[in-house]
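Student: Below are the chains, spelled out letter by letter.
Number of protein chains: 2
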Amino acid sequence: MAKKEEFVKDIANIDEDFAKWYTDIVRKADLADYADTKGCIAIKPYGYAIWENIQNYADKLFKETGVKNVYFPILIPDSLLQKEKDHVEGFAPEVAYVTEAGGEKLDEKLCIRPTSETMFSTLYAKWLKSWRDLPYVYNQWCNVLRWEKETRPFLRSREFLWQEGHTIHETEKEAKERTIQMLEIYTKVVEELLAIPVLRGRKTEKEKFAGADETYTIETLTRDGRALQSGTSHYFGQNFTKPFEVKFQNREGKEEYAYQTSWGISTRLIGAVIMGHGDERGLKLPPKVAPIQVRIIPIAMHKEGVLEKAEELKKSLEKDFRIEVDSRDQVSPGFKFNDCELKGIPVRIEIGPRDIENGECILVRRDTFEKVVVKLDELNTKLKEMLDDIQQNMFNMCKKRLEEKTQIATNMDEFTKKINENQGYIKAMWCGNVECENKIKELTGAHSRCIPFEQEKLSDKCVCCGKEARYMVVWGRQY
Amino acid sequence: MAKKEEFVKDIANIDEDFAKWYTDIVRKADLADYADTKGCIAIKPYGYAIWENIQNYADKLFKETGVKNVYFPILIPDSLLQKEKDHVEGFAPEVAYVTEAGGEKLDEKLCIRPTSETMFSTLYAKWLKSWRDLPYVYNQWCNVLRWEKETRPFLRSREFLWQEGHTIHETEKEAKERTIQMLEIYTKVVEELLAIPVLRGRKTEKEKFAGADETYTIETLTRDGRALQSGTSHYFGQNFTKPFEVKFQNREGKEEYAYQTSWGISTRLIGAVIMGHGDERGLKLPPKVAPIQVRIIPIAMHKEGVLEKAEELKKSLEKDFRIEVDSRDQVSPGFKFNDCELKGIPVRIEIGPRDIENGECILVRRDTFEKVVVKLDELNTKLKEMLDDIQQNMFNMCKKRLEEKTQIATNMDEFTKKINENQGYIKAMWCGNVECENKIKELTGAHSRCIPFEQEKLSDKCVCCGKEARYMVVWGRQY
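Protein sequences, first through last, are from chains F and S. Take any residue in the first sequence, count from 1 to its spot, add 166: that is its number in my numbering. Take any residue in the second sequence, count from 1 to its spot, add 166: that is its number in my numbering.
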């Protein structure tokens, strides 16, 4: 036990300094590290394997709905970026530019994509002829750069990995349906794979994507009650297709501009998992996304047959589970238990000479720390059940916290008091004016998260100005 | 038939203008298109799906040997690039630099990775402590930029996609084994997946990677007898680990520099497939890598039950094959046949009212154009056999051409005559001096491809200077 306490000291106390706890987990659970390039991170194998699991899960869902993957250039001529006014205003301050290449100064500087609406629109304009060609439902998994001033691993990094889907359609209706369809897929990824419940709705005018008509969002809540925008889907109408001349001959033989969407999720989701599930002992990974679902720790490893039995178990289970044996001989079992917890491995199996004699082993759950003795011949079934149960329980735990941290406010005193005493979401009515939105931000530090799909009428009046309310909005402080 | 001839006119004659034929195929088979960014291409769904199949196949083989995927920053501080002399000399002329970002001029310009030895070495130096940590066997799938003057889709593009593996090891022996092991995996990818036989060997001093001790290569031969470097694996010794201080405490408790390798394959392989297999009718894809293995073309589609039967067949086969129905109603079956051939789909199925009546359909092979009538209840089995046979036959056809285009020369007159009359590989003895290598290049346009693993003694004398020969080298003109 002495060893354990000492070990846990290496990470900051989660309730005292959540921000430090977070970066400690990122580095000590071996997810990522800072690189020499300021504001960028190096994603290490354990962190990248989480991303691969997210990619595989999402990509399969995308393809089932007809999404096709492509890869378009990272460098965008500056003149293309300038074509849509709102878009360039929103992104220009964060853009990184290539100005020299091949030993020469470039004639026109090239922007490194912060997002690719402009590149996709340019190419779509080149290819699109007839309504028969539509829809284009393309996506790319790639890196993007946004020159953020303050960075935090996974949550806000100057370079990050994401997927960006860009579609064009014959009709407004079809484009709007695609916008919502992708939000539903994102909901599935976050709730079913990552075991985090989401809040869904539409962004306000102030918070929507630069150039969009409508932005839809899924929001998650961190353990310390802050909001994380975790995926967005945008409906553009013809905002880009007009300046970029993405037009087609419609069924009536007339020229028409296409209707456009885009949508993305990123490595930020790894941050959502860390902040959504982690606890005082470290990371806690939902089984479906965990790179290692089960780790076997041999006890009294020097005794004859122990390591062999552990390896034999692994062999018999590796077809059904992502499993490994911790056979390091320079550290104690206690150290290995801690390491399992720090890394958030859903289940550890302890097996020693006496267990082998009895034909059993001990399973320890990461979510509840519950220990169960299991007969070796039932191990496969029991493990399966336990992992399913952990996945569900982790979702439930998050859901419970979400409910505890969602409060209602009908005036600004209440708003401020509640968000300060129990940081989380505040549901409140809003008149629809950006002035009130700005004032709420000023007074409480909370941004509007979204206008949820499921509207409730909490009162008739705007929480801020007292005038007639138009929407119920969920507010929260954010990372 | 008139229609077909007209259609084929759209692509250049393969024997008259191979270079134009190549870019025609790239664009008309919908693999990729030029983008507004000079020297860069947009990889379209059909081209990207080939890359995904290559990625999946290779990534699985990598992981079976313990490779772990990571993602490190694309931007490398210029000072890091400068640390290894040969490396920077080799790459500096092709580097693109970010000099402005977030609205400000940067203090130190940032290089966009042309390759990541310097980034990996920096991070490895930070993490490595003891021999117990070794080996690091990391890989990333990513984009890189090299500012080439002349570009050609897939073969040489300013931005391209690849994987770059970077490993460090405790001993020279282990590192050298990894270098060769990865070359063997690349051989498998190209020979078994892409059905193209490779030439394998070591690059000469002149042709090796900037900073490497030894570079190993797999080379493929195009239909017009040019060589394509298709994958390389490098052994670095301690060339990077010394300047980057990648050191560890060895088993004797002493400080030692690690031994390093790197290895990569890229979207250039798509070019190798086009140039290796294509013919006068278009692209020809090996079944294992083809995004669409089988396309069903309904004949007399307007007749009752035809389209339904085609869809039914597709449903019954889609579990085992990548298959689709061409149900376009605005084009003729003849157009669809041509389109199938242009896109290189290995097998097309023709099915019309009479076939349905007889409980059969017609299979047409892309490699031999052979037509076979098959009973519908045997379709699954016959298709499987046919696809396997096509895969093997395509490899054999390439192998035969490779043999026909590999010639021996014992003096320069013979060398020049043979390479001009039947462009391809020339096997010739070499003294080992770079002067002869340069002179051969000057006289014939041929670079040394490699010093093959399988050496033959063709004569005692260097083909160029007549002095004592050290190696048999394979030479060839390249893309």
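Do not rely on the hints blindly, as some may be mistaken.
Same chains, same label: a pair holds when it works inside one copy or across any pair of copies.
[As the list claims (entries may be wrong)] Calculated lysine-lysine pairs in the BS3-like style (CA-CA distance at most 25 Å, straight line):
hint : residue 1 : residue 2
1    : K583      : K485
2    : K275      : K571
3    : K186      : K475
4    : K204      : K275
5    : K541      : K354
6    : K627      : K354
7    : K420      : K342
8    : K234      : K194
9    : K583      : K339
10   : K204      : K295
11   : K584      : K541
12   : K584      : K475
13   : K607      : K204
14   : K593      : K204
15   : K275      : K566
16   : K537      : K226
17   : K565      : K315
18   : K584      : K607
19   : K593      : K627
20   : K226      : K481
21   : K315      : K485
22   : K229      : K454
23   : K194      : K413
Hints listed in this document are in silico derivations from the structure and should not be mistaken for laboratory results.
Student: Output the numbers, in ascending order, of every earlier hint that fails for this structure.
Tutor: Structure breaks hints 1, 2, 3, 5, 6, 9, 11, 12, 13, 14, 15, 16, 17 and 21.
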